[in-house]
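Engineer: Chain residues, written in single-letter form:
Protein chains: 2
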Amino acid sequence: MKIILASQSPRRRELLGLMGLTDFAIIPAQGEEDLSAGLPPDKLVEALAAAKAKEVAAQADPSDVIIAADTIVTLDGKVLGKPHSGEEAFEMLRILSGRTHRVYTGVAVLQGQRLELLHEATEVVFRPLTEGEISRYIATGEPMDKAGAYGIQGRGALLVEGIRGDYFNVMGLPVCRLGQMLKAFGIVTL
Amino acid sequence: MKIILASQSPRRRELLGLMGLTDFAIIPAQGEEDLSAGLPPDKLVEALAAAKAKEVAAQADPSDVIIAADTIVTLDGKVLGKPHSGEEAFEMLRILSGRTHRVYTGVAVLQGQRLELLHEATEVVFRPLTEGEISRYIATGEPMDKAGAYGIQGRGALLVEGIRGDYFNVMGLPVCRLGQMLKAFGIVTL
Chain A
2 MKIILASQSP RRRELLGLMG LTDFAIIPAQ GEEDLSAGLP PDKLVEALAA
52 AKAKEVAAQA DPSDVIIAAD TIVTLDGKVL GKPHSGEEAF EMLRILSGRT
102 HRVYTGVAVL QGQRLELLHE ATEVVFRPLT EGEISRYIAT GEPMDKAGAY
152 GIQGRGALLV EGIRGDYFNV MGLPVCRLGQ MLKAFGIVTL
Chain B
2 MKIILASQSP RRRELLGLMG LTDFAIIPAQ GEEDLSAGLP PDKLVEALAA
52 AKAKEVAAQA DPSDVIIAAD TIVTLDGKVL GKPHSGEEAF EMLRILSGRT
102 HRVYTGVAVL QGQRLELLHE ATEVVFRPLT EGEISRYIAT GEPMDKAGAY
152 GIQGRGALLV EGIRGDYFNV MGLPVCRLGQ MLKAFGIVTL
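Residue numbers (the working numbering), protein chains in the order written: chain A, 2 to 191; chain B, 2 to 191.
Here chain A stands alone, though its shape is the one from the complex (with noise of 0.2 Å):
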């Protein structure tokens, strides 16, 4: 039984090693994010970590335990994905700046025929940016690969005022929850 991570984040990767997991093999799913599915955040991330999850099946043993998860930021009802360009991380962070977001992330974890999912909501308090101070972060590089186009564990912690809920979400993975799944798998974690 090998543990699998099927996702190729350097956060998820950090965040299994801080549960005090270090024996895990790295199998990215490409999970092609459909946004356009119509479902609620809550049940989007839940369904695209469950896709990620069963891609990377196909390439593992059926007694291999299997963590995949999907991330996303929500406000006012519309996703803020990935940026594609600076131009596009600028509006993003100029819409989150002065508001509170919500950060979803859903985690399915697959053995053999055994799929379990949850998912777990943060709250992400922005202070109000200026565009001098966007630009700049924008200069970092930080914003280019994270869905809402800030890294909340970089340079992005000052533009956080405050959060209410799992800090590790919003990196990525639900870890007090997750220990607690994996607990179900055999996999003990404390």
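The reader is advised that the hints may include incorrect statements.
For identical chains, the list gives no copy identity; a pair is met inside one copy or between any two copies.
When the alpha-carbon atoms are kept at most 20 Å apart in a straight line, the in silico EDC-like pairs for lysine to aspartate or glutamate are as follows [stated by the list, open to error]:
{"#": "1", "residue 1": "K83", "residue 2": "D146"}
{"#": "2", "residue 1": "K184", "residue 2": "E162"}
{"#": "3", "residue 1": "K3", "residue 2": "D24"}
{"#": "4", "residue 1": "K3", "residue 2": "E88"}
{"#": "5", "residue 1": "K3", "residue 2": "E117"}
{"#": "6", "residue 1": "K3", "residue 2": "D65"}
{"#": "7", "residue 1": "K44", "residue 2": "D77"}
{"#": "8", "residue 1": "K3", "residue 2": "E132"}
{"#": "9", "residue 1": "K184", "residue 2": "E134"}
{"#": "10", "residue 1": "K44", "residue 2": "E117"}
{"#": "11", "residue 1": "K44", "residue 2": "E143"}
{"#": "12", "residue 1": "K184", "residue 2": "E132"}
{"#": "13", "residue 1": "K79", "residue 2": "E89"}
Derived by calculation from the structure, the hints in this document are not laboratory data.
Using the hints, position chain B against chain A.
Structural biologist: For chain B alone, coordinates are given in the frame of chain A:
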């Protein structure tokens, strides 16, 4: 002009790095913490941070900017400091289990005669812990040098259901507000 961090906490060093500050000196204050001062927690952490900053100022140039901080954990009006033994750590974690406590960090920024203070409070919700989980967590060695006997940025993440407020404040520095405060001293982080 140098930036001086008056703390030997590796977490605080890491957080200044996160803010984009790379060029700073470290002169740890001894900061003999006297928790019997009878001050409320918000005033207490500011007073302790100010005392540390002034202590280090004696070894600094008047143009240097000194950053000092103090973090305490409170529950039911009691202050939980750093545990002195495994037994004390066990007792603290047993008290925190399944409940919401508050973490206060006070920050002092001192340059010559100018002293600015702030404090930030963050609520932290622990999930209910079994005695086995507490024992295994103590066995990781993580609790011993930390107020409240846990580190949110380590295996302790598995204990915390969620927070309300600034996550980095729990780690030891309210990054967002400190960034704003440093601006007034001409130190631009974003």
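Engineer: Taking the earlier hints as the rules, which of them does this structure contradict?
Structural biologist: Structure breaks hints 4, 8 and 11.
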